[in-house]
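Take the two lone chains, each set in its own frame, and fit them into one complex as the hints suggest.
If you read the protein sequences in the order shown, they are chains S and D. In case it helps, our numbering puts the first sequence at residues 1 to 322. In case it helps, our numbering puts the second sequence at residues 323 to 745.
Check each hint, because a few of them may be wrong.
Mimicking EDC-like on lysine to aspartate or glutamate, the simulated pairs with C-alpha atoms at most 16 angstroms apart in a straight line are [unchecked claim]:
no. : chain 1 : residue 1 : chain 2 : residue 2
1   : S       : K70       : D       : D669
2   : D       : K724      : D       : D669
3   : D       : K505      : D       : D407
4   : D       : K468      : D       : E563
5   : D       : K460      : D       : E349
6   : D       : K506      : D       : D528
7   : S       : K22       : D       : D669
8   : D       : K468      : D       : D564
9   : D       : K492      : D       : E342
10  : D       : K374      : D       : D411
11  : S       : K313      : D       : D704
12  : D       : K580      : D       : E590
13  : S       : K22       : D       : E665
14  : S       : K5        : D       : D659
15  : D       : K606      : D       : D441
16  : D       : K534      : D       : D550
17  : D       : K585      : D       : D441
18  : S       : K313      : D       : D709
19  : S       : K70       : D       : D668
20  : S       : K317      : D       : D709
21  : D       : K585      : D       : E701
22  : S       : K317      : D       : D626
23  : D       : K735      : D       : E349
24  : S       : K71       : D       : E519
25  : D       : K492      : D       : D390
26  : S       : K71       : D       : D669
27  : S       : K317      : D       : E701
28  : S       : K5        : D       : D626
29  : D       : K534      : D       : E519
If you're looking for bench data, these hints aren't it; they were derived computationally from the structure.
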Amino acid sequence: MNNNKLTVSHAPFWHDGDSLFKMNLNIMLAALPAVIFGIIQFGIPALGVIALSLSSAMVWELIMNVISKKKISIGDLDSALIGLLFGMMLPATSPWWLVITGTFVAVVIGKIIFGGIGANPFNPALIGMSFLMLSWKVFFDFDVAYINYEFNFTALAPLAALKFQGPAAIADFFPLSDLIMGKQVGAIGSTFGLGLILGGVYLILRGYIRWEITVSFIAGIIVTALCFSLANPDAYAGPVIHLFSGYTLMGAFFLATENSSSPSNRIPMFLYGFFAAVMIILMRNIGVYEDGTVLAILLLNVVNPLIDNIRPKALGKGVTNA
Amino acid sequence: MIKRSFFTLSQPRLIYDSVEPDPKEPELIPIPPNLILLLNEPIDNTRQALVKKGDAVEKGEKLCLYNDSTEYTISPVTGTIGTIDTFADDFGNTSTYLIIKNDQNQTSQIDSATYDLKDDIISADQYLRTLPGAPPLKNIARGDVKINTIVITCADTDLLSTTHQYAMLKFWDLIKEGAQVLKKITKVPKICITIPENSNIHGGLDSILLFKTALEYPSNLPAMVLKDHLNMVLPAGKTPEDIGVCFITAEAVVSLAKAYKTKSVSFEKILTVIGKQGARYRVKATIGTPLGKIFKAVRILANDQDRIVIGGPMMGYSTYTLNHPVQPEMDIVMIQDKNIIPEVSDDPCVNCGKCLRICPTNVPVNILVRYLEADQYEEAADKYDLDSCIECGLCAYVCTAKIPLVQYIRLGKHELLKLRADV
Numbered sequence: 001m002n003n004n005k006l007t008v009s010h011a012p013f014w015h016d017g018d019s020l021f022k023m024n025l026n027i028m029l030a031a032l033p034a035v036i037f038g039i040i041q042f043g044i045p046a047l048g049v050i051a052l053s054l055s056s057a058m059v060w061e062l063i064m065n066v067i068s069k070k071k072i073s074i075g076d077l078d079s080a081l082i083g084l085l086f087g088m089m090l091p092a093t094s095p096w097w098l099v100i101t102g103t104f105v106a107v108v109i110g111k112i113i114f115g116g117i118g119a120n121p122f123n124p125a126l127i128g129m130s131f132l133m134l135s136w137k138v139f140f141d142f143d144v145a146y147i148n149y150e151f152n153f154t155a156l157a158p159l160a161a162l163k164f165q166g167p168a169a170i171a172d173f174f175p176l177s178d179l180i181m182g183k184q185v186g187a188i189g190s191t192f193g194l195g196l197i198l199g200g201v202y203l204i205l206r207g208y209i210r211w212e213i214t215v216s217f218i219a220g221i222i223v224t225a226l227c228f229s230l231a232n233p234d235a236y237a238g239p240v241i242h243l244f245s246g247y248t249l250m251g252a253f254f255l256a257t258e259n260s261s262s263p264s265n266r267i268p269m270f271l272y273g274f275f276a277a278v279m280i281i282l283m284r285n286i287g288v289y290e291d292g293t294v295l296a297i298l299l300l301n302v303v304n305p306l307i308d309n310i311r312p313k314a315l316g317k318g319v320t321n322a
Numbered sequence: 323m324i325k326r327s328f329f330t331l332s333q334p335r336l337i338y339d340s341v342e343p344d345p346k347e348p349e350l351i352p353i354p355p356n357l358i359l360l361l362n363e364p365i366d367n368t369r370q371a372l373v374k375k376g377d378a379v380e381k382g383e384k385l386c387l388y389n390d391s392t393e394y395t396i397s398p399v400t401g402t403i404g405t406i407d408t409f410a411d412d413f414g415n416t417s418t419y420l421i422i423k424n425d426q427n428q429t430s431q432i433d434s435a436t437y438d439l440k441d442d443i444i445s446a447d448q449y450l451r452t453l454p455g456a457p458p459l460k461n462i463a464r465g466d467v468k469i470n471t472i473v474i475t476c477a478d479t480d481l482l483s484t485t486h487q488y489a490m491l492k493f494w495d496l497i498k499e500g501a502q503v504l505k506k507i508t509k510v511p512k513i514c515i516t517i518p519e520n521s522n523i524h525g526g527l528d529s530i531l532l533f534k535t536a537l538e539y540p541s542n543l544p545a546m547v548l549k550d551h552l553n554m555v556l557p558a559g560k561t562p563e564d565i566g567v568c569f570i571t572a573e574a575v576v577s578l579a580k581a582y583k584t585k586s587v588s589f590e591k592i593l594t595v596i597g598k599q600g601a602r603y604r605v606k607a608t609i610g611t612p613l614g615k616i617f618k619a620v621r622i623l624a625n626d627q628d629r630i631v632i633g634g635p636m637m638g639y640s641t642y643t644l645n646h647p648v649q650p651e652m653d654i655v656m657i658q659d660k661n662i663i664p665e666v667s668d669d670p671c672v673n674c675g676k677c678l679r680i681c682p683t684n685v686p687v688n689i690l691v692r693y694l695e696a697d698q699y700e701e702a703a704d705k706y707d708l709d710s711c712i713e714c715g716l717c718a719y720v721c722t723a724k725i726p727l728v729q730y731i732r733l734g735k736h737e738l739l740k741l742r743a744d745v
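For reference, chain D alone in the conformation it holds in the complex (with noise of 0.2 angstroms):
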């Protein structure tokens, strides 16, 4: 953890982590005999599921709850359906999760399903949904807004994620053939990528804008590279989908690539994982493998009371049990020890204002977390700018009173949501 430098005169200072010059291939972890996949859609119990336990599924085969679902999943390994529950976000949102036995004649060896891909969105968007790094062809090929810029982020989103940066140093050639693919299929006239300003890539771009970004969090994150690359205004509450710019991994990129050259989808996963004292591994692993299995491959011991993070230390979200799958979306998993935890407190905001000054984005927090606490949802909006609030997490990174800030905002957004609804 990153601690207050003595002298603090000026902004603390948060650097992403850089990836190690020549990486070495990341450590494998093999397939494990129960798969967990997501499927983000609640069980209706008054419908016959498409699928139930004991069903036997291939290798690439497309998995989705009902005649009429939008949602998919595809399985990795070929075995059967174990169990279908239901699995609840941190905000009670509802969604479903699939075990699959993998039957373990197979090896990972084995060719997945091939599909019949054409130049289309809509045709990529039937397959490649879940590929590594969870390309967002839902939101390209939705429609109702047009993408008429797609930015490729070869620079990791949150601190100490390396994954796009591992990505962008081994398959720098498989990004620009991705590229390209992707302006096949989605026709959209711009793509840019950025990369981190130390970082040594430089030309064969045709026709791809190149962003250099700062080193410093959060330099990288959606909301920053418009407005210091793009030179557009987020505005408040809304998604870079919304006004026209979509954001790909550098992974998804990548894993883009393969599937049109394969003509089938890949499903092993680059993760960045954080031990208890920081040291730093990485590890490819099937979509499905739970956490656990690869904390014991890397060997760290998780503990009871130990907090596994999922998708960095500012802006990601916890898990309640090791058996939570890896992701599509999965760039790094980190574990803290209980002892280093940082505490919370129920203290009130003493104004001093060092939220103020380290917000990229200018929301006066200490006023604003008063009309949170007050659940003043409407007025925290109207008046304090709830809605320009991009969770970057520094408020409650340096908080002098431990309020955990981004908490309040994120329940008074859900709140807000909800009461808007209700209107």
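Same shape as in the complex, but just chain S (with noise of 0.2 angstroms):
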């Protein structure tokens, strides 16, 4: 009674057409206005190691594609954004070896090997991070990495400066207006605020990143700078300037909301975000670090299992008599 071979297959018969590819091809949209002023003000160094971090992230993946004889996986651009938020991280100066090696770990260590897209527990981009920042730490002082360079504004790592000069001392370099519109030193992707800023707030409105944890993400920075600020204003800077330096609008925006390793359900994304902050400005204002975000993000990472059991109760369940 068969004549035609029709497909076959469950509901729903509907998908709202978004795919790995899209969410990931948006979230590097997101990232270009950082990154190109980030090019623009740190020239031509900046775009080799943009492109060496972006293109090398694949490369690793479709190597242990190719090792692992898994089906080849770059073309949903995981890799690809990986390598792109790393190369933001970095100094314009960075060697090559630095870019690979930190993107072997990022990609091989911090993802492949836990299984691939979605299985990672940690933010590759940090694991990465986090690896170079130990192992090489000179290369991540921003003050040695720019010393050839001429800057038309305070060129002092705004972090470093406020961790070894205290706030009374740089009160003055860095005004709201130059740290929100890049001027100011730092990796080659976080400098530009405004861009930043522009861009989350493009993938919240698309639906890409959760804003619950943008949100309080920031809310944490403001609340507990401010805090230590009150408490103590001449060993403590206020929320501005750890809001607006540092890795801080990258953490806010696209490192702490990275998919898997990030909650999803609301109240346990609002405490991650938040402590997530209250660990960055702990970090600053108590610790050796003069930017925690990297190892911040990361123990939260480890702390989002856990407290993304905090869920509603599905329907019906615990229910003896209804």
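Printed below as a string of structure tokens:
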């Protein structure tokens, strides 16, 4: 009773048309304003670092696909995104081997050995970053990195200056307008605050990152920094410099929101974002690191599976007589 | 197909179709030479069946396989039985199909057999189970749980379908009559009607509660109607009948009213047909008509690798043959061109959480699917609410990784039932 060969599958028969490729492409597009600004600010070396980082991340995944005899999965752009975010966190003067080592750690150790896309418990780009920061600390001293550059603004890395000179000494060096418009020394993609904010807002509106994480993250920075600052204004700076320097904005919009290492229920998202930010300020104000963003978010990645258990009760569970 | 909107800060909204204000008569599909009837009972080769090839059947004759069968079907035409064979569904459950050769000399005007219908549920269940709209008389009659509420659904449960709404608009008086018939035969004290909130039906309902349901999917699904309008929570893994609520479609109520008036049954099922470009048709076809005939009548060309979906885009099922017959409970048939069938993938979950936020029953789909992929059905049910899922399909609709989530869930439930049966 069968003439035509029809397609048979299960419900639902519709899909909203979204895909991993589109999601990652959009996140990369949103990061572009900050990247392009960084390239303009720091010149061709910055372009080299970004290009090498992006391409080497994809090549590492390709190599691992071939070695492990899995289907080629670079088409979903996940490694490209890891490479781009990783490159954005590097200073423009990073040597080539540093970039390639970093993307190896990020993609292979941070993602592939855990099972590939979706299985990574930590943000892969941050795994790569933390590895480099602990191993070759000298390359991440932004004051040294840009020693041969001429800038028309204060050529001091804001957070390092804050750490070693105190808030009073640097009070006039970093006006808010300079910080937002990228007139500061830092990593390629992290200096242009306005670009990061625009990209992040775009992603929130498109539904590709979760606003709960970003909003609570920023709130956490402001609240914690304000508490420190009010308690001892001589020793601790206010929220503005913390928010618009270092990796903070990248963290809020691009790093803490990485899908598989962050919670997806509402209350856990708020807790995760807030406490990641609290840890950042604690590390900056009390710890030895100038910028604790990388380690703070990694720390909260560890807590993620635990707090993501706070979830609403499913329909009809625990009801004995309805 | 409704695609993702550009800005999706809020949830995507899937809106039920509304019936056009003054619907024209559905296109009548002529009775085909061969009708196919499904009988929900497998063939037992060791026993002598009551019906066999070559038997003559009358219009309205009740057909069952064996003497002690509880399942039956009713022949919509006078003719002879052609083939009796096994029909398998997507989970491998078997039932039986009968092909009835329509006696061409007879027209559809011939009177159907009349029945001795009494005002009780047992008598109704004996003859009226296969009425257009498939009234769930078997569930009401089964007796182990007492049904105390009947909900008549004039709001269609799945997207695109307007069959129930059409019945509501055209046969409102018959629905009211049917509700009284229901009350009389079932002795159920509470009868409610769901209507879409934008419909302008009002008044004239004595002792019947009117629920206006929201226009956004999935608010017309039984579990949602229970929650929103009856303040009842459907316990995980239970059906509405288990807690004393029975859902019956508007069309079934209309056919019930007609059946009690004429003491005979009708066989003409109203169907919403959705073409490849989304064109909407409404047809009236005799139960047992192969779907291929309907597509031909409304001039839809079904090609290889197209997909025929019965029961709506979110909760329906697809068939492998154009000979799939019109069944009493079938409200909507749609056909998708092979080029627009969305693909599924074997990518793993990336934990983006879209499914969690859209799930109407708060099932942690992102964690659940990991257990289901690893065949850990017991844990999935105990810790991650497998039983709470009402299979509305929204999670798989929004899934970024295009995982066939509902397929995993249905398979999980199926396997779990087998596991529990073994214990």
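For each hint, the structure was consulted:
At most 16 angstroms may separate the alpha-carbon atoms for a hinted pair to count; K70(S) and D669(D) meet this at roughly 12 angstroms. Between the alpha carbons of K724(D) and D669(D) the distance comes to roughly 7 angstroms, so the proposed pair stays at or under 16 angstroms and holds. About 39 angstroms separates the Cα atoms of K505(D) and D407(D), which puts this hinted pair outside 16 angstroms; it is violated. At roughly 8 angstroms between alpha-carbon atoms, K468(D) and E563(D) fall within 16 angstroms of each other, so this suggested pair holds.
For the suggested pair K460(D) and E349(D), the alpha carbons sit about 31 angstroms apart, so the restraint of at most 16 angstroms is broken. About 14 angstroms separates the Cα atoms of K506(D) and D528(D), which keeps this hinted pair within 16 angstroms; it holds. A hinted pair counts as satisfied when its Cα atoms are at most 16 angstroms apart, and K22(S) with D669(D) qualifies at roughly 14 angstroms. A distance of roughly 9 angstroms separates the Cα atoms of K468(D) and D564(D); the hinted pair therefore holds under the 16 angstroms criterion.
A distance of roughly 12 angstroms separates the Cα atoms of K492(D) and E342(D); the hinted pair therefore holds under the 16 angstroms criterion. Restraint check for K374(D) and D411(D): not satisfied, since their Cα atoms lie roughly 23 angstroms apart, outside the 16 angstroms limit. About 13 angstroms separates the Cα atoms of K313(S) and D704(D), which keeps this hinted pair within 16 angstroms; it holds. Between the alpha carbons of K580(D) and E590(D) the distance comes to roughly 12 angstroms, so the proposed pair stays at or under 16 angstroms and holds.
Proximity of K22(S) to E665(D) is assessed by CA-CA distance (about 15 angstroms); at most 16 angstroms being required, the pair is judged to hold. Taking the CA atoms of K5(S) and D659(D), the gap is near 13 angstroms; set against the 16 angstroms cutoff, the hint holds. In summary, the hint linking K606(D) to D441(D) is not supported, as the alpha carbons are separated by about 29 angstroms, beyond the 16 angstroms threshold. For the proposed pair K534(D) and D550(D), the alpha carbon gap of about 10 angstroms is at most 16 angstroms, so the pair holds.
Among the hinted pairs, K585(D) with D441(D) is consistent with the structure: their alpha-carbon atoms are about 11 angstroms apart, no more than 16 angstroms. Distance hint between K313(S) and D709(D) is fulfilled; the C-alpha atoms sit about 13 angstroms from each other, no more than 16 angstroms. Restraint check for K70(S) and D668(D): the C-alpha separation of about 12 angstroms stays at or below 16 angstroms, so the hint holds. At roughly 9 angstroms between alpha-carbon atoms, K317(S) and D709(D) fall within 16 angstroms of each other, so this suggested pair holds.
Of the pairs offered as hints, the one joining K585(D) and E701(D) is violated, with about 52 angstroms between alpha carbons and a cut-off of 16 angstroms exceeded. Between K317(S) and D626(D) the CA atoms are separated by roughly 44 angstroms; this puts the pair beyond 16 angstroms, and the hint is violated. Straight-line distance between C-alpha atoms of K735(D) and E349(D) comes to about 39 angstroms, which puts the hinted pair past the 16 angstroms bound. Proposed proximity of K71(S) and E519(D) is contradicted: the alpha carbons are some 50 angstroms apart, above 16 angstroms.
Distance check on the hinted pair: K492(D) and D390(D) sit about 40 angstroms apart at the alpha-carbon level, beyond 16 angstroms; violated. Restraint check for K71(S) and D669(D): satisfied, since their Cα atoms lie roughly 11 angstroms apart, inside the 16 angstroms limit. With a C-alpha separation of about 15 angstroms, the suggested pair K317(S) and E701(D) falls inside the 16 angstroms cut-off, and the hint holds. Distance check on the hinted pair: K5(S) and D626(D) sit about 5 angstroms apart at the alpha-carbon level, within 16 angstroms; holds.
Between K534(D) and E519(D) the CA atoms are separated by roughly 5 angstroms; this keeps the pair inside 16 angstroms, and the hint holds.
Consistency note: the structure conflicts with the earlier hints numbered 3, 5, 10, 15, 21, 22, 23, 24, 25.
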